[in-house]
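Residue-level listing of the chains:
Number of protein chains: 2
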Amino acid sequence: MVAPGDATQTVRIELGERSYPILIGARLLDDPAAWAGLPRAHAAMIVTNSTVSPLYAARLANALRGHYAVVREVALPDGEAHKDWACLNQIFDALLGAGCDRKTVLFALGGGVVGDMTGFAAACYMRGVPFVQVPTTLLAQVDSSVGGKTAINHPLGKNMIGAFYQPERVVCDLDTLASLPPRELAAGLAEIVKYGPIADMAFMDWIETNADALLAREPRALAHAVRRSCEIKAWVVGQDERESGLRAILNFGHTFGHAIEAGLGYGAWLHGEAVGCGMVMAARLSQRLGLVDTAFVQRLTGLIARVGLPVTGPALGAQRYLELMRVDKKAEGGEIRFVLIDGPGRAVMRPAPDSLVCEVLAESTAA
Amino acid sequence: MVAPGDATQTVRIELGERSYPILIGARLLDDPAAWAGLPRAHAAMIVTNSTVSPLYAARLANALRGHYAVVREVALPDGEAHKDWACLNQIFDALLGAGCDRKTVLFALGGGVVGDMTGFAAACYMRGVPFVQVPTTLLAQVDSSVGGKTAINHPLGKNMIGAFYQPERVVCDLDTLASLPPRELAAGLAEIVKYGPIADMAFMDWIETNADALLAREPRALAHAVRRSCEIKAWVVGQDERESGLRAILNFGHTFGHAIEAGLGYGAWLHGEAVGCGMVMAARLSQRLGLVDTAFVQRLTGLIARVGLPVTGPALGAQRYLELMRVDKKAEGGEIRFVLIDGPGRAVMRPAPDSLVCEVLAESTAA
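The listed protein sequences derive, respectively, from chains A and B. Letter by letter, the first sequence follows residues 1 to 367 in the working numbering. Letter by letter, the second sequence follows residues 1 to 367 in the working numbering.
For reference, chain A alone in the conformation it holds in the complex (with noise of 0.2 Å):
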């Protein structure tokens, strides 16, 4: 287990030419060997926004410094309701406006928002500049800076523009969690606690037992929830890449939740408060097809109440529900397909009838 004090740990995405390493562990980011051997280029450009910039990218851009000629910043507006075509336009301005050539290196500074788009302006940026994540939030260390999926939202959808393009690492300080709202702390605990039903119940059980560290911050605890989140991730990316299959699963509880996502417009509730609520329907769907048994959806729903996510949805209305899971990018033909859990630690892919859609959608949401 890494702690304060502790070495710092490795996990590896195992992906041929693209493989690299996740580093997890304390004070990285003034740490000189957290940044060496990364690809040389005159310049680097810290990506981050308004809320992490003045906490954090002045220590970063000093420890860039011993790498690169030129270390420049662009602080992007913060939260899920920028991650727009207007705010990735903000990082081609600034390395256009600089003069920053195709070796340039991008470093995503911050949490999903800021990794998501900062990949995918690195993988449109002339066409591929090289980039690394920095990841500052429980949810961004845990699941979206890992595994190459880049994105921006569109009005119509959640991530329907972007690209799969990995990092060259990705670095976890997780002093960097101290500083985390506990709104936020509680939607990172919604991507940990994911892994369990779909892969790993001694990882629920670890979970379930140190909840109440994890809620404290405790630094073992957090340094094990990250790493072996990390590691499931790995093992599942390094077989699927571009999701053709297997990683699918990773999207438990994504379908209902970006549609609450964007039925809400993006930023009224934050990612992880929305998957913590969808993997609560997506249990319950997963019972009334006679997959799982009523005492797992209520472990699972007891869990994500515990840590303080939302169990219950926004009433939509079924109908608008059903429109925006239509528009998710698993859906083929129009025909939602729902990530479900077949046996609690085993995840399957498939569709269901709308009637027991919106039967879970009844019992879940607002009146």
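I should point out that these hints are in silico values taken from the structure, not numbers from a laboratory. Owing to the predicted nature of the structure, the values given are computational and were not obtained by experimental measurement. Idealized CB from N, CA, C, for every residue including glycine. Hints should not be assumed to be uniformly reliable.
Calculated from the model, a selection of chain B residues having no Cβ within reach of chain A, i.e. all distances over 12 Å [as the list claims (entries may be wrong)]: (1) 73; (2) 346; (3) 354.
Pair by pair, the computed Cβ-Cβ distance ranges are [to be verified]: (4) B:39 x A:84: 26 to 32 Å; (5) A:54 x B:89: 43 to 49 Å; (6) A:209 x B:37: 36 to 42 Å; (7) A:332 x B:36: 34 to 40 Å; (8) B:10 x A:183: 56 to 62 Å; (9) A:317 x B:155: 38 to 44 Å; (10) A:178 x B:39: 45 to 51 Å.
Anything over 12 Å on all C-beta distances counts as not near chain B; from chain A, calculated [to be verified]: (11) 41; (12) 67; (13) 99; (14) 246; (15) 266; (16) 289; (17) 344; (18) 346.
Mind docking chain B on chain A? Use the hints.
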């Protein structure tokens, strides 16, 4: 040599699992064989522009209805001035508005702008859907539809936002060249002429001998020019898909040319016109660096003028040219790297002193 009545010819791009054929022939739009064996999907989306749509979209849609349950169309405004995010987003709006899933196949029906934008849209929509190039201009058939470079422009630089993303197939129906305006024909000839100095002086001899036939759109001459151009491009791209070295030679004339396009505002000159003039400038720079003799420069300049292309650049001012060229994608650390002719038939990429570039600009631009 391909001609009406001859069998369709095929040039293959060899890129491992991303390999694909370029079909070159007459009456291909209506030929069921040209569209067989593509990825299966519920829907196809034809992306075209307002000029090409009334000419060919219905014929392509008819041919595709044998393979796809739904065939949709989105027509963008015509011209390089519209190769921007706003028009790219029209493609996303059409796809999402129609509920198109991530198996949907896009068909780029038009010239280089339509091909570049459709390819980039395919690269990004739901993180990647398949697409087919159906080039209807000479320039697109001999150059831009082949090799997987996709992009949109940014106010500060041409093709700055894009992706390397290969099509499933390229279908060059030579009959579509009959409808080309003369300026577009000449613009296409610029990219054909390019292949001589950089790779194949025997092809340059052939172009000089057949210039009148090409200008008269003699089918056998056009067929040979398209096939030989695609063969040379296939040979280059097969060795260096992502332009880490060799592929840059295809940018002969483009460093100066992109500066002309961006400096005048996209669309004032056609891309091929700017490249034609840019080749004259690059040849003169090669001569001043002692790489080729004056006779070669005069020969190339003569051929470019003969096919109807400008050989004198606009008076942007030397400093503006230099400033625009410093953001070229081949530049590194602010140093412009030019594709130069290192003896007829062989290209090389190297920097040049600003003083020599200014001499070339003084000689090659309007007073």
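Cross-check of the supplied hints:
Every beta carbon of chain A lies more than 12 Å from that of residue 73 of chain B, the smallest distance being close to 19 Å; the non-interface claim holds. Every beta carbon of chain A lies more than 12 Å from that of residue 346 of chain B, the smallest distance being close to 24 Å; the non-interface claim holds. The beta carbon of residue 354 of chain B is kept farther than 12 Å from every beta carbon of chain A, the shortest such distance being approximately 15 Å. The supplied range of 26 to 32 Å is met by residue 39 of chain B and residue 84 of chain A, whose beta-carbon atoms lie about 30 Å from each other.
The supplied range of 43 to 49 Å is broken by residue 54 of chain A and residue 89 of chain B, whose beta-carbon atoms lie about 33 Å from each other. Separated by about 55 Å at the C-beta atoms, residue 209 of chain A and residue 37 of chain B break the suggested range of 36 to 42 Å. Checked against the hint of 34 to 40 Å, the C-beta distance between residue 332 of chain A and residue 36 of chain B comes to roughly 22 Å, which is inconsistent with it. Checked against the hint of 56 to 62 Å, the pair residue 10 of chain B and residue 183 of chain A passes, with Cβ atoms roughly 58 Å apart.
Take residue 317 of chain A and residue 155 of chain B: their Cβ atoms lie about 42 Å apart, and the range 38 to 44 Å holds. Restraint check, residue 178 of chain A to residue 39 of chain B: a C-beta distance of roughly 49 Å satisfies the suggested window 45 to 51 Å. With a closest Cβ-Cβ approach of about 9 Å to chain B, residue 41 of chain A is found to fall inside the 12 Å limit, against its non-interface label. Remark: the non-interface label on residue 67 of chain A is consistent with the geometry, its nearest Cβ contact in chain B lying 15 Å away (cut-off 12 Å).
Residue placement check: residue 99 of chain A does not keep its beta carbon more than 12 Å from all beta carbons of chain B (closest about 6 Å). Every CB of chain B is more than 12 Å from the CB of residue 246 of chain A (nearest about 16 Å), matching its label as outside the interface. Residue-level check passed: residue 266 of chain A sits 15 Å from the nearest beta carbon of chain B, beyond 12 Å. Taking the minimum C-beta to C-beta distance to chain B, about 23 Å, the non-interface status of residue 289 of chain A holds against the 12 Å cut.
The non-interface label for residue 344 of chain A is consistent with chain B: the shortest C-beta to C-beta separation is roughly 29 Å, beyond 12 Å. The beta carbon of residue 346 of chain A is kept farther than 12 Å from every beta carbon of chain B, the shortest such distance being approximately 24 Å.
Hint compliance for this structure: hints 5, 6, 7, 11, 13 are broken, all remaining hints hold.
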